[in-house]
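Got chain A; can you put chain B with the ligands on it based on the hints?
Protein chains in written order, with our numbering: chain A, 1 to 408; chain B, 1 to 619.
It is worth saying that the hints were derived from the structure and are not from the lab. Among the clues, some could well be false.
As the list claims (entries may be wrong) - The following label-pair restraints were derived from C-beta to C-beta distances:
(1) A:SER200 / B:ASP323: 23 to 29 Å
(2) B:PRO598 / A:GLU228: 19 to 25 Å
(3) A:ALA262 / B:ALA548: 46 to 52 Å
(4) B:GLU600 / A:SER40: 55 to 61 Å
(5) B:ARG530 / A:VAL365: 51 to 57 Å
(6) A:GLU16 / B:ARG535: 46 to 52 Å
(7) B:GLU600 / A:GLU16: 42 to 48 Å
(8) A:GLN245 / B:GLU600: 18 to 24 Å
(9) A:PRO83 / B:GLU600: 52 to 58 Å
(10) A:PRO380 / B:ARG530: 26 to 32 Å
The beta-carbon is built from N, C-alpha and C at its ideal position, and this holds for glycine as well.
Okay, here's what each chain looks like letter by letter:
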Amino acid sequence: MPSALPEGEPAPPSGELPGYAVKALGSAPFGVYVHVPFCSVRCGYCDFNTYTLTELGVDGASTGTYADVALREIALATRVLGPNAPTVKSVFFGGGTPTLLAASDLVRVLDGIRAAFGLAEDAEVTTEANPDSVTLKFLQTLATGGFTRVSMGMQSAVPHVLDTLERTHDPDNVATSVAAAKAAGLKVSVDLIYGTPGESLPDWRTSLDAAIALRPDHISAYALVVEEGTKLGAQVRRGQVPAPQDDDEATKYELAEQVLGAAGYSWYEVSNWARTEADRCRHNEGYWSDGDWWGVGPGAHSHVGGVRWWNVKHPNAFAARLNAGVSPAAGRELLTADQRYDERVLLAIRLVDGLPIDDLRPEGVTAVAGLIADGLADGPSAMRPRRVVLTLRGRLLADTVVRRLLAF
Amino acid sequence: MSPMARIALEPHATPPDLIRNFCIIAHIDHGKSTLADRMLQITGVVDPRAMRAQYLDRMDIERERGITIKSQAVRMPWEVDEITYCLNMIDTPGHVDFTYEVSRSLAACEGAVLLVDAAQGIEAQTLANLYLAMENDLAIIPVLNKIDLPAAQPEKYAEELAKLIGCQPEDCLKVSGKSGIGVEPLLNKIVRDLPAPVGDPDAPARAMIFDSVYDTYRGVVTYVRVVDGNLNPRERILMMSTKATHELLEIGVISPEPVVCKGLGVGEVGYLITGVKDVRQSRVGDTVTNASKPGAEDLGGYSDPKPMVFSGLYPIDGSDYPDLRDALDRLKLNDAALIYEPETSVALGFGFRVGFLGMLHLEIVRERLEREFDLDLISTLPNVVYEVYLDDGKVITVTNPSEFPAGKVGDIKEPVVRATILAPSEFIGAVMELCQARRGTLLGMDYLSEERVEMRYTLPLAEIVFDFFDALKSKTRGYASLDYEPAGDQVADLVKVDILLQGEAVDAFSSIVHKDKAYAYGLMMVSKLRELIPRQNFEVPIQAAIGARIIARETIRAMRKDVLAKCYGGDISRKRKLLEKQKVGKKRMKMVGRVEVPQEAFIAALSNDAASGGDRTKK
Ligand SMILES: Nc1nc2c(ncn2[C@@H]2O[C@H](COP(=O)(O)OP(=O)(O)O)[C@@H](O)[C@H]2O)c(=O)[nH]1
Ligand SMILES: C[S@@+](CC[C@H](N)C(=O)[O-])C[C@H]1O[C@@H](n2cnc3c(N)ncnc32)[C@H](O)[C@@H]1O
Ligand code: SF4
Ligand SMILES: [Mg+2]
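Chain A extracted, bound-state conformation (with noise of 0.2 Å):
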């Protein structure tokens, strides 16, 4: 079962936007996330908003359409933000699994977004691939199309562990897939899940080393998270699974810096690590970085000038809505100065450039000597540049950094 939609207040039919949101843009980078809601089966952890084509029916929204309907979103997307929207930085198709729509769909969903916005010279153009999904040719066609990147779950390189993610990818393809990537000319990201349980110690440091053998440009690193709903949810409820262990990720935590640092990667979020500042994510940047996106597609998120919207979640009813000439979005937020205030210490403190001090509140900046004498924020970034920067033990404890920061 995908994730629920936060609770906001409902947004117009027209998806109009308060004319401070939309006087905001331009002054943060912009970009485009496009959410595939697809998938060929359900991995067993996961709760993310997308459906098998079992799932959807013969008559709903469905692969071969699909690119249509998100075309239709961005041209609403033109309408909301007006002539002054502006080029686009980055985009980053997500799911689900983007590579279930044909090379050709995704690039003519990129063409569409770049006449509507036009796009950066130098923008970063992301796609989500399962490694059982791509090909050299297939890779190549994006390439062509203006794709750059492409990030590759690959979770784990121990059997038994994908196996008890319920991963049915042959792990050979993923040394194939990534192979094909770079040969395509595109950057390469690859997302492990450490925690999942019965992984040791051992097999995580297997999983690191077998990332670090394909010399990807960029890896992710997540803590397995048990949702409730799914598959995974409920054996761990029943007690036929164990949970994963918060020691026992903080363990492997450690060592994945330990072992990506050595291998020449640097952490530049908490689950994230780069090459090289060139490698980083830029997409994913903007999300921490209040940054300003539209998000394209069934239970996306938005975010424009302190306003966060999400669409509708069932394929269906977006296509529906779109189909009908109504905006797909389901509910809204209209962030007050605290709210904005939360967020951006909630988000900011996960980067390696952390917080600027000065940007705190009283109480804020009251905190941060404790969190130096706790060993949670780094001392030296403290006095220059002056920033609460989380050393590796406040990586693993963000949660009370921010809740000292914001003092309750």
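The following block gives chain B with the ligands in isolation, referenced to the frame of chain A:
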């Protein structure tokens, strides 16, 4: 002809020899309330259509729990041999917490109906109540109830009952309060066998208060039994123990709704209203007399209610403290036994140390505070009262473990009770084992019949008041019954066990226990807290200590990770909402030094299975 009286007798003008004052005494659930209901119906004072079960048990809590807390008195007419009599039925509370009130209700009667469930036989409260009745010189009518039950063995228990009170088995009436069988003969027997009250109609008025109830609209309603003289509306009355005088605004009888009357004469039972607002001004056991012509001596038997169990009550939301104070002030109006004073706990904030007659009293008060005043409360582990003798001869009365003096002390005294336990004889060993483990001393043992024994023990109150009854029940497969009464105090080897979080004592968890049980208590608390307190950013040692000596220790290891390291795409709202939820949750955290302890942990650690509770279903 129907024995229902045609015309009831007028109060004030009723000759004492036509009055019968009686109570029904029974072990809990033996059917007292049901029988009382049937009497109300058969004598015609309650219209059959208005009849509802447990008519006299007025308070909601009583009705729900099926127990009688406050006694009531009902005047019922009954005709025997064409003479109309006036029966006053005084319903007595049935729980050990309220023994004093029971004894005052008994003192207002000349006779008692001793009711025994014909399927159960004699139980501990049957005995305890019988002894109380005999101390008050009451005539006893033995009755076997529930004879309609297929499992009833009236013949067998008639033998037991006869042996107990020294009569013939045939003298035991057999009734069913449920169906009404045998209730008319019982009413007749009450008239024939119970003595009429005697008193001097010309002497100065003397009446004993056997109940005192606060009513929102009327103020305090005082129930009395007139012994000498008479009480009349508009005269001034004097409370002999407090010396307070009041004007008698209203006088009446309960039948079973209040009926105003012209006064009460010798032997009569009724109620008085003086406009006072606090039951402390009209205390159970006190003697009411005429202010202008006072009686020479009070009727005796008055004593101040003595709290036996103390507990700290704290509002979960600290800002409710004033509401808690107001609520206690209000409850006090109706509960002369309730005492409290403000106290502060480092862990729990501002609250009250409250004294109770026993665990049932505690539960009732707590429940009323929560239900009627909409308060959310935490209560600390209940404790009894200790006297600590210091070397300089001073004595400290400890009602809260935090008052226990540090360092060397002389003798420590704890209250003890005389307990009566009835059980099938096959469980003698089990009962003895339990009582021994609870530091009991066997006083004596009697066989009531071949298969049932009565065992009498002296036991420390602290060992019996909290969970003893549950333990007894489980060791005897539910067959044992228990009753007890205060029996002074004794010197004992007691220590205070403190529970420390990161070296800081949490006052709410301190407990005074016997030396031999200190380790078990310490271990139980530290392991419990280890489960209940969430991990912090630093290691938290939990220790149990007697003074400076650590007797048990656990450690909550430092939390190493709390960050959500999963890809959430652009769903930032979800992350922020999580944070907002934590902010709210934080309000329910209490700080002990640097350690954040959730309210729930306190509640769970305090409302525990091992050291309290369980007394409510006492049988
Ligand atoms: N079968 C039967 N049940 C009875 C009789 N009298 C009382 N009960 C039941 O016994 C239980 C306890 O009765 P109650 O009057 O509340 O007992 P109390 O605790 O002594 O006041 C209730 O469930 C009654 O319905 C009786 O004569 N026959
Ligand atoms: C939006 S998902 C989609 C990627 C792609 N469909 C795939 O699975 O290969 C992006 C990444 O989130 C991570 N992820 C998904 N569910 C997760 C969970 N319950 N706990 C931790 N990480 C998770 C996985 O590493 C996954 O590759
Ligand atoms: S393939 Fe990716 S998006 Fe699809 S179910 Fe698995 S983890 Fe979720
Ligand atoms: Mg009753």
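These are the hints, each one checked on the structure:
1. A:SER200 / B:ASP323: 23 to 29 Å: 55 Å, violated
2. B:PRO598 / A:GLU228: 19 to 25 Å: 21 Å, holds
3. A:ALA262 / B:ALA548: 46 to 52 Å: Check passed, 49 Å falls within 46 to 52 Å.
4. B:GLU600 / A:SER40: 55 to 61 Å: 44 Å, violated
5. B:ARG530 / A:VAL365: 51 to 57 Å: 36 Å, violated
6. A:GLU16 / B:ARG535: 46 to 52 Å: Roughly 47 Å apart at Cβ, these two residues keep to the hinted range, so it holds.
7. B:GLU600 / A:GLU16: 42 to 48 Å: 45 Å, holds
8. A:GLN245 / B:GLU600: 18 to 24 Å: About 22 Å separates the Cβ atoms of A:GLN245 and B:GLU600, which means 18 to 24 Å holds.
9. A:PRO83 / B:GLU600: 52 to 58 Å: Given about 56 Å between the Cβ atoms, the range holds.
10. A:PRO380 / B:ARG530: 26 to 32 Å: 38 Å, violated
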